[in-house]
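Enquirer: Sequence lines, in order, name chains R and S. Heads up, the first sequence is in this note's numbering, so the first residue is 1 and it goes up one at a time. Heads up, the second sequence is in this note's numbering, so the first residue is 1 and it goes up one at a time.
Hints are not guaranteed to be accurate.
[As the list claims (entries may be wrong)] Short derived list, chain S residues pointing at chain R, Cβ under 7 Å:
no. : residue
1   : 13
2   : 16
3   : 46
4   : 48
5   : 64
6   : 66
7   : 70
8   : 74
[Stated by the list, open to error] Restraint ranges, calculated between C-beta atoms of paired labels, are given here:
no. : chain 1 : residue 1 : chain 2 : residue 2 : range
9   : R       : 207       : S       : 14        : 38 to 46 Å
10  : S       : 40        : R       : 279       : 22 to 30 Å
11  : R       : 181       : S       : 4         : 36 to 44 Å
12  : R       : 200       : S       : 28        : 27 to 35 Å
13  : R       : 60        : S       : 32        : 49 to 57 Å
14  : R       : 113       : S       : 26        : 20 to 28 Å
15  : S       : 38        : R       : 61        : 54 to 62 Å
16  : S       : 36        : R       : 177       : 41 to 49 Å
17  : S       : 7         : R       : 144       : 45 to 53 Å
18  : S       : 38        : R       : 181       : 55 to 63 Å
19  : S       : 7         : R       : 178       : 31 to 39 Å
20  : R       : 105       : S       : 7         : 44 to 52 Å
21  : S       : 11        : R       : 61        : 48 to 56 Å
Read the hints as simulated data drawn from the structure, not as lab findings. Values in this document were obtained by computation on a predicted structure and should not be read as measured data. All C-beta atoms, glycine included, are put in the ideal place defined by N, C-alpha and C.
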Amino acid sequence: MVEILVTSCWGKQLKNEPKQMKFEWLFLTIAPCAADTINSPLDQFEIIPLIDMKIGDLYFSFTNSSLFMLLTLSLVLLLFHFVTKNGGGKLVPNAWQSLVELIYDFVLNLVNEQIAGNVKQRFFPCILVTFTFLLFCNLQGMIPYSFTVTSHFLITLGLSFSIFIGITIVGFQRNGLHFLSFLLPAGVPLPLAPFLVLLELISYCFRALSLGIRLFANMMAGHSLVKILSGFAWTMLCMNDLFYFIGDLGPLFIVLALTGLELGVAILQAYVFTILICIYLNDAINLH
Amino acid sequence: MLEGAKSIGAGAATIASAGAAVGIGNVFSSLIHSVARNPSLAKQLFGYAILGFALTEAIALFALMMAFLILFVF
């Protein structure tokens with residue numbers, strides 16, 4: 001699809017087809033898929049089964065999604081393991097230990113700021129694991145030719161729904177049936193109550209949905225954008241015309257800048273996901 | 001025909017960026033206002049602003065996602 005778009009915009013491209021090869025080395029790191037035969041920016045999110053497995057009617061294949069999730073997990077676990085090997089690391093941290101301490105401190109501060117009351121430490125491990133998992137998944141997706149685990153509905157919605165069900169259970173555990181007062185703000189006139197309860201219920205349920213969709217949409221849109229623009233940059237650079245070549249580097253630098261932005265978004269979205277979990281958890285524990 | 005309709009639909013979906021632009025501008029203008037009034041809160045306010053920025057940007061990305069879905073999925 002994007003090929004059609006590009007050729008209709010820049011009709012010169014087809015003429016220069018054989019000369020494309022000589023710029024290829026330049027793009028190996030920046031425009032991973034532009035040189036391939038892949039022609040839709042959404043093809044990078046395709047799930048390919050690596051090891052086919054079928055148990056009964058269940059489809060248990062080991063896909064590239066699972067591979068990259070395992071990679072993320074092993075990366076995080078190895079990092080944390082080596083840093084805390086000798087009972088808590090060194091007194092003067094090296095670079096790796098500083099990184100782990102940075103992440104730990106960051107999440108600890110976040111939890112301390114957002115969740116009031118004396119129970120917050122009980123939820124800290126769960127929140128830390130969520131943050132590190134999302135952070136490393138998002139950052140791993142920025143490596144060219146890799147697969148972004150968090151760019152799938154299944155992963156993000158599974159994560160957000162399970163966390164949300166957990167938060168609701170925590171709310172009922174700590175407040176009992178009093179938790180239902182969450183649905184009715186204090187001081188509401190009685191005739192308005194049915195509508196407000198319905199509205200609050202919808203907005204409460206929509207939190208889980210929006211939590212997952214936000215992460216998914218950010219990741220998917222960002223990666224597709226980089227891919228489309230790298231396709232443009234590729235086409236521009238393939239025009240071996242001196243006149244065009246002067247302005248050709250424009251899209252390339254836009255792609256570079258966008259890659260930087262995407263790195264920022266990867267970190268920011270992990271942060272936003274975590275802080276929203278903290279806010280929702282605080283709402284559930286200390287009713288408003 | 002279908003291709004043309006798809007392009008029109010995708011283009012129309014990007015109108016939503018206007019709203020997101022207003023929202024993001026609003027977030028940062030409020031940040032500048034507040035920091036100008038009370039510079040000692042700058043660090044804390046910046047955190048809130050980034051959070052608001054991310055939440056607003058997500059709306060723009062919903063629109064972008066719709067455009068992509070119209071163009072490439074259907």
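Enquirer: State for each hint whether it applies.
Expert: A quick look at each hint next to the structure:
The interface hint given for residue 13/S is broken, as the beta carbon of that residue sits about 12 Å from the closest beta carbon of chain R, more than 7 Å. Contact between residue 16/S and chain R, as hinted, is not supported at the beta carbon level, the nearest pair being about 12 Å apart and thus beyond 7 Å. Given the 7 Å rule on beta carbons, the hint for residue 46/S is violated: about 13 Å separates it from the nearest Cβ of chain R. With a least beta-carbon distance of about 10 Å to chain R, the hint placing residue 48/S at the interface is violated under the 7 Å criterion.
For residue 64/S, the shortest C-beta to C-beta distance to chain R is roughly 4 Å, which falls under 7 Å, so the interface hint holds. Taking 7 Å as the C-beta cut-off, the interface hint given for residue 66/S is violated, the closest approach to chain R being about 9 Å. For residue 70/S, the interface hint is violated, since its Cβ never comes within 7 Å of a Cβ in chain R; the closest pair sits about 12 Å apart. Among the interface hints, the one on residue 74/S is violated; its C-beta lies about 12 Å from the nearest C-beta in chain R, farther than the 7 Å criterion.
Taking 38 to 46 Å as the suggested C-beta distance range, the pair residue 207/R and residue 14/S does not conform, at roughly 27 Å. With their beta carbons about 24 Å apart, residue 40/S and residue 279/R fall inside the hinted range of 22 to 30 Å. Evaluation of the 36 to 44 Å hint for residue 181/R and residue 4/S yields a failure: the beta carbon distance comes to about 54 Å. Between residue 200/R and residue 28/S the beta carbons are some 31 Å apart, a value that agrees with the proposed interval 27 to 35 Å.
For the pair residue 60/R and residue 32/S, the beta carbons lie near 53 Å from each other, so the given range of 49 to 57 Å is met. One distance hint, 20 to 28 Å for the beta-carbon pair residue 113/R and residue 26/S, holds here, with the actual separation near 24 Å. One distance hint, 54 to 62 Å for the beta-carbon pair residue 38/S and residue 61/R, holds here, with the actual separation near 56 Å. Hint check: residue 36/S to residue 177/R, Cβ distance near 48 Å, so the stated range 41 to 49 Å holds.
For the hinted restraint 45 to 53 Å between residue 7/S and residue 144/R, the CB-CB distance of approximately 29 Å leaves it violated. As the Cβ distance of residue 38/S to residue 181/R is approximately 35 Å, the hint placing it in 55 to 63 Å is violated. With their beta carbons about 54 Å apart, residue 7/S and residue 178/R fall outside the hinted range of 31 to 39 Å. With their beta carbons about 49 Å apart, residue 105/R and residue 7/S fall inside the hinted range of 44 to 52 Å.
For residue 11/S and residue 61/R, the Cβ-Cβ distance of about 38 Å falls outside the hinted range of 48 to 56 Å, so the restraint is violated.
Checked against the numbered hints given earlier, this structure breaks hints 1, 2, 3, 4, 6, 7, 8, 9, 11, 17, 18, 19 and 21; the rest are met.
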